[in-house]
Amino acid sequence: MTPKRGIFGFTSGLQVKALVRDPSKLPDHLRSSIEVIQGDVTKAEDVQQTIEGQDAVIVTLGTRNDLGPTTVLSEGMKNIITVMKENGIKCVSVCLSAFLFYEPGKVPARFHYLNAEHQRMLDSLKASGLNWIALLPPHLTDNPSGKYTVSHGSSPGRAIAKCDLATFMLESLSDPEHYNQLCGIATVA
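Just so you know, full-length UniProt numbering puts 37 at position 37 of the sequence shown, and the rest follows in order with no gaps.
Bear in mind the hints are in silico, worked out from the structure with no lab data behind them.
All figures in this text were calculated on a predicted structure; none of them were measured in a lab.
There may be inaccurate statements among the hints.
Stated by the list, open to error - Each computed BS3-like pair below joins lysine-lysine, with the alpha-carbon atoms no more than 27 angstroms apart:
#1 K17 to K106
#2 K162 to K78
#3 K106 to K162
With these hints in hand, go ahead and build the complete structure from the sequences.
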């Protein structure tokens, strides 16, 4: 049986459904290899349509370039958790930010609102009863895939290639070592 994954916000021999705001922003090769659902993560019916029939979920929610106050991400996370439970799905890998490893006063001021929103998402995960993996990546690069390291409870470096982050998010779903952990990830020089 082919594993099935619901992805919010990639594919490697998987059946993938992705909930996106704007399908036209997906590369053609990706759009043609996954089931794309245009919708809004804050609408439970859109989340239901995406999660239905999946084995696990990957969450990569963002605010684009808006760093102002918001609760869209945490509201979306709550919807995802609720719908996962309703559908008996127990495992979720979520991309947050390495700033969650910092004391709040050490987070650059321009990221305070987004960091608070990521904290609300993390709090929802911790209270969910699900097998969750919280990925807290540092600076994301467009570098090619390379060697990377993962640590629990701390950030092992200052940058990670987006493709390596995606690989780990997917692989972590089937590795209980990472369940209910804050996972730092970074490229190894």
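Q. Among all the numbered hints in the text so far, which are the ones the structure does not match?
A. 1
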